[in-house]
Amino acid sequence: MALNVLVVDDSTVMRRVIMRTLAMSGLPLGNVLEAANGQEALTVLDRTSVDLALLDLNMPVVGGIEALERIRSGASTADLPVVVVSTEGSEPRIDRVRELSAGFVRKPFTPEALVDAIVVALAGKGHVHA
Numbered sequence: 008m009a010l011n012v013l014v015v016d017d018s019t020v021m022r023r024v025i026m027r028t029l030a031m032s033g034l035p036l037g038n039v040l041e042a043a044n045g046q047e048a049l050t051v052l053d054r055t056s057v058d059l060a061l062l063d064l065n066m067p068v069v070g071g072i073e074a075l076e077r078i079r080s081g082a083s084t085a086d087l088p089v090v091v092v093s094t095e096g097s098e099p100r101i102d103r104v105r106e107l108s109a110g111f112v113r114k115p116f117t118p119e120a121l122v123d124a125i126v127v128a129l130a131g132k133g134h135v136h137a
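For what it's worth, my numbering labels the leading residue of the sequence shown as 8, then goes sequentially.
One thing to keep in mind: the hints can contain errors.
[Claimed, not checked] DEER-style ranges, computed between Cβ atoms:
1) Asp-102 with Ser-80: 15 to 21 angstroms
2) Ala-120 with Ala-82: 19 to 25 angstroms
3) Gly-37 with Pro-99: 32 to 38 angstroms
4) Gly-37 with Ala-130: 25 to 31 angstroms
5) Met-8 with Val-68: 19 to 25 angstroms
6) Asn-11 with Met-31: 15 to 21 angstroms
7) Met-31 with Ser-80: 31 to 37 angstroms
8) Asp-123 with Arg-54: 25 to 31 angstroms
Everything labelled a hint here was simulated from the structure, so no lab data went into it. All figures in this text were calculated on a predicted structure; none of them were measured in a lab. Think of the CB as a built atom: it goes at the ideal place given N, C-alpha and C, for glycine as much as any other residue.
Could you build all of it, start to finish, from the sequences and the hints given here?
The structure is reproduced here in structure tokens:
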């Protein structure tokens with residue numbers, strides 16, 4: 008099954024790095040969509056079927072924590088596998104990410120660390136067998 012992935016980061020360069028990592032990961036990719044902030048991400052999720060979201064925390068308009076809370080409160084997105092990819096160092100904020108059942112990878116990341124977090128997130132939803 009091909010995975011539709013949403014990459015959410017306000018940095019175009021970082022979105023490209025993440026997308027390149029996905030392309031080299033060996034994961035069965037379908038559509039890879041992009042959003043530059045949490046509001047754009049929520050709009051994409053309202054309109055498109057996505058199997059995984061990779062989400063930055065520190066973004067304009069709607070930040071990552073608020074976007075993740077709204078994802079978890081949505082009927083069609085409550086169980087969406089999410090991996091937060093962020094420079095965030097605040098333990099309370101990282102704890103909140105985990106409370107919201109999302110994985111966490113700190114930037115800068117190795118491709119292996121990102122792929123491992125994705126596999127764990129997807130395995131919990133029956134998409135990938137780790």
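Structure-based check of each hint:
no. : hint                                    : result
1   : Asp-102 with Ser-80: 15 to 21 angstroms : 19 angstroms, holds
2   : Ala-120 with Ala-82: 19 to 25 angstroms : 32 angstroms, violated
3   : Gly-37 with Pro-99: 32 to 38 angstroms  : 35 angstroms, holds
4   : Gly-37 with Ala-130: 25 to 31 angstroms : 18 angstroms, violated
5   : Met-8 with Val-68: 19 to 25 angstroms   : 32 angstroms, violated
6   : Asn-11 with Met-31: 15 to 21 angstroms  : 18 angstroms, holds
7   : Met-31 with Ser-80: 31 to 37 angstroms  : 34 angstroms, holds
8   : Asp-123 with Arg-54: 25 to 31 angstroms : 30 angstroms, holds
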